[in-house]
Amino acid sequence: MKADDDVYIRLNPLAKSVEPLPRVDLYYGFVIPCNSQNPYSEYMSGMGYLISWDLVEWISTSNILKLDLRISCSNGKCSHELIPQTIEVHRLKSKWSICIDDFPLLSGAEAAWENSVNGDFATKESSGAVGVVVWDASSGILVLFAAKIPFLSVILGELVAVCKGVEVLRSLGIEEADILSDCLSLVPALYSVVAPHWNVSFLFSKVLSLLTSLSAKFFWIPRSKNHSAHALTKWGLDHSCKGFLNFWEVSPHVLTSIFSSFE
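If you read the sequence shown in the numbering used here, its first letter stands for residue 1, the second for the next number, and so on.
All clues given are correct.
Here are the simulated lysine-lysine pairs, DSBU-like style, with alpha carbons at most 30 Å apart:
hint, residue 1, residue 2
1, K148, K242
2, K225, K148
3, K124, K148
If you anchor each label on the Cβ, the simulated ranges turn out as follows:
hint, residue 1, residue 2, range
4, L214, W248, 28 to 34 Å
5, D136, N199, 34 to 40 Å
6, S127, S213, 29 to 35 Å
7, G243, L203, 14 to 20 Å
8, S138, F244, 17 to 23 Å
9, T256, S138, 17 to 23 Å
10, S138, S224, 19 to 25 Å
11, S209, E176, 14 to 20 Å
12, K124, T212, 32 to 38 Å
13, F259, G173, 23 to 29 Å
Since the hints were derived computationally from the structure, they do not count as laboratory data.
Note that CB positions come from ideal geometry on N, CA and C, so glycine has one too.
Using the sequences and the hints given, assemble the complete structure.
Right, dumping it as C-alpha cells:
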C-alpha cells in the first residue's frame with residue numbers, strides 16, 4: 001500500500017477551495033493498485049482505489065465535483081508517517097459527475113420498512129470483523145451480531161457484513177427490512193446486480209440468492225450515520241465474538257454509543 005502523490009496533489013486544492021471544510025488532514029488520498037485497461041478514465045486516479053471515509057463523503061456532496069474539473073500538477077510529493085489500516089477502500093466511479101443523488105440515500109421519507117439493519121466491516125492489522133445491528137421501528141435493538149473474519153479485502157469484508165445482515169434477518173423470520181451500508185461501491189452494485197469485483201462474485205451471488213426470499217431494500221448512508229454498526233465492529237476487533245450477542249457481553253460504553261446513534 002502506498003500514497004499516490006498525484007491523487008493527493010489533485011485533491012488538496014479542491015479540498016481547500018470548498019468552504020467550510022477546513023479539515024484538510026482528512027483529505028489525503030491513499031491508494032492500492034488495481035488493473036485498468038483505461039487508467040485515465042478512473043475516478044481521480046489511474047490506480048483506481050481511494051481510501052478515506054470522510055473524503056468519500058465529501059466528494060459525494062461537493063457541488064464543485066459535479067464539474068469535469070481537473071487540476072494538473074507535476075512532480076508532486078506527498079509524505080506521510082501513518083498509512084491507515086482501519087478505514088475503508090472504495091472503488092470509485094469513472095466520472096467526476098457522480099454525486100450523492102446517484103445513490104439510494106436513506107431518508108425518513110424513503111425508508112421502506114419498519115425494521116432496519118446496519119452492517120459494517122473493520123480491519124486491524126491482519127484481522128477483520130463484521131458487525132450487524134437490527135432495529136425495530138420504536139428505536140429498539142432486536143439483535144446484535146458480531147464476528148471475526150479473515151481480512152482478504154475491504155470490499156469482501158463489506159459484502160460479508162451485508163451477507164450476515166441478510167442471514168440474521170432470515171434467522172429472525174423478518175422478511176421486510178431496510179439494509180443500510182456505508183460502502184459507496186457496494187450498494188449500487190447490489191442494485192445493478194453486478195459484482196463490484198470479480199473476486200467477490202461467489203459471495204455476491206450468495207447474497208442475491210438469499211435476498212430472493214426477502215422484501216429488502218438497500219440504502220447507502222454516510223459513515224457518520226452508520227455509527228451503531230461501526231462501534232460494534234470496532235469492539236469486535238478486540239474481543240472474542242462469533243455470532244449473536246447478549247447485551248451483557250458488550251462493553252457498556254459501546255452499548256451506550258450504539259443506542260445514542262439511532263435517529
